[in-house]
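Once you have looked at the hints, place chain A on chain F.
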Amino acid sequence: MVVADDNHHFRAGMVRALGNRDDFTVLAQVEDGAAAFDAISRLRPDVALVDARMPVLDGFALTARLKADAACADVTVVVLSARTDDAAGIRAQAVGADAYLDKTQPRRSIVEGVLAAIGRTGTP
Amino acid sequence: MNSRNLRLAVRVALATALAVVMLRTASATTPTFLVLGVALGYAVMSTVTAWRVEADPARTSAAVARAFADVLALCAVIVVVGQPPAELLLVLCAIPLGHALTLPANVIAAVTGFALVGAILVWATGVAVHPEASSDGDLLIAAFSLAASGLVSCLIAVERERRTTRINELSGTLQEMLGQVITAEHSERRRVANLLHDDVLQLLLVTRHDVADALEGEADALPRAADEIDLATKHLRRTIRGLRSDGVEARRLGDGLRSLAEQTAERRRCVASVDVTHDLEGEHQPLVLSLGRDLLREVERRSTPSKIAVRALSRDQNLILTVEHDDPSYPDRAHAESASTLLVTVDQRARAVGGNFSVSRSSNGTRTLTVAVPLGAFPFARSQASSASRRPRRPQVADRAPRTLPTPALEAQSDVQPH
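Those protein sequence lines, which keep their order, are chains F and A.
Quick note on the numbering used here: the first sequence kicks off at 59 and runs consecutively.
Quick note on the numbering used here: the second sequence kicks off at 38 and runs consecutively.
Same shape as in the complex, but just chain F:
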């Protein structure tokens, strides 16, 4: 899994929560969209957990770029956002994200959301 979020504290918390589980290995954690694309292209993770709002390349643009790239199109992309309106979710769906999760919910719920997204796409 690759975790991309420009906020160090949030990223560290998610990596910690995912690291506590046996079924996840965090291959890389990055703080902007361009670095995320490089890491995902290079490491080919099963899942990419990306923040909607990041410098250089935001989560939506990153998702669109990943889905347009044949080598990365099968990566399950989960977009996270703190926005409470529906616009971000609709946009995430439009660019091809596999799941959109509310960043304000507890980490456990986010992890469950990631698991559900993997189950839906059939990736172990």
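In short, the hints are calculated from the structure, not lab data.
Bear in mind that the values here come from a model prediction, so they are computed numbers and not experimental data.
From the three backbone atoms N, C-alpha and C, an ideal C-beta is built for every residue, glycine too.
Treat the hints loosely; a few may be bogus.
Stretch by stretch, here's where chain A covers chain F in the computed footprint (C-beta under 8 Å, at least three residues) [stated by the list, open to error]:
| hint | segment |
| --- | --- |
| 1 | 60-72 |
| 2 | 159-166 |
Sample of chain F residues lacking proximity to chain A, with all beta carbon distances greater than 12 Å (derived) [to be verified]:
| hint | residue |
| --- | --- |
| 3 | D80 |
| 4 | T83 |
| 5 | L85 |
| 6 | A86 |
| 7 | R100 |
| 8 | R102 |
| 9 | D109 |
| 10 | P113 |
| 11 | K125 |
| 12 | A128 |
| 13 | C130 |
| 14 | I148 |
| 15 | A174 |
Just chain A now, kept in the frame of chain F:
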């Protein structure tokens, strides 16, 4: 019939009535004939002008009413007095031209030329309708009076048009500045929103996650949450400090500049000195303080200086404000302005009051942002200063000596990076 057509109809009727009066006047003297001729010419020309130029309806209506009243007065004088003195009629000749002050200079010149040529033609060739009204000295005097009053009207109109052009220029500048202010406001709002989203909101979300983890029994989640709340509080305080501009409201230039420099030094964690000459120390200069605030913000955002020096002095009837810093990587004016809305607005505000703005660099790498504004451009400021000077002054620690502002201990120990 709309109001514009109605006004035109009134003017045409007036011109026709005057023409009829001219033709039917049995014993017209030269001045009488001239007055009627000029009034007729004025009515015709202003009708054409009102027809060709789209004017403010209210103003046009008022001008027509005044012209109508004046022509009626002229006719009344002629009818009542019977044989009015030539001097009186000559004075009355200038009244229609007075209305031309609301018209452009070229139209006034045309009206004057029309009347003048008409008068000279009458004098030179005589008039078929009223042969007795030709070739006397009064006609020439009246013609030269018309020429003189027309010339004065033209000069006044030219000056009025020059001022109108200047007002339009200033109005354009004002609109441009308003646009810049709106842009700056949006930019500032976006900056604050980003700060709140990227720093405070994210930390609060993480804190919430850690509190949830603590409630589920994770022992070290609670101290983490406490640290995150401290950090969020610190971010929030810094954002609030960045929004304040206490110095601009200061009644005294010296106090305001010191307050602004102090805030910048605190945020940038550098040393700032402020030097205000004694004659400007107590001045109330809101414009200069707002310029100073923006120069300091510019330095704060686009450079990483270790020292900032703010100076205010009066020279050649100008107030010179300089902000000097020691970051050599700061761009020259052309590059600085192209990338900075703040500097564009500083330049516009300085030029709007007849001043100027410049950025220079010295051989040792220091950059100086200088604004010069005329002292006389602030009648409000001067009067405030006069009243301020009558009040007892607070004792100043150092009126002329540069004052070094210490770096706040809290910020010096903070691990928060300046934004």
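The hints, checked one at a time:
no., hint, in the structure
1, 60-72, "holds (count 5)"
2, 159-166, "holds (count 5)"
3, D80, "17 Å, holds"
4, T83, "21 Å, holds"
5, L85, "22 Å, holds"
6, A86, "20 Å, holds"
7, R100, "27 Å, holds"
8, R102, "28 Å, holds"
9, D109, "9 Å, violated"
10, P113, "9 Å, violated"
11, K125, "26 Å, holds"
12, A128, "33 Å, holds"
13, C130, "27 Å, holds"
14, I148, "20 Å, holds"
15, A174, "19 Å, holds"
Violated hints, in rising order: 9 and 10; the structure is consistent with all others.
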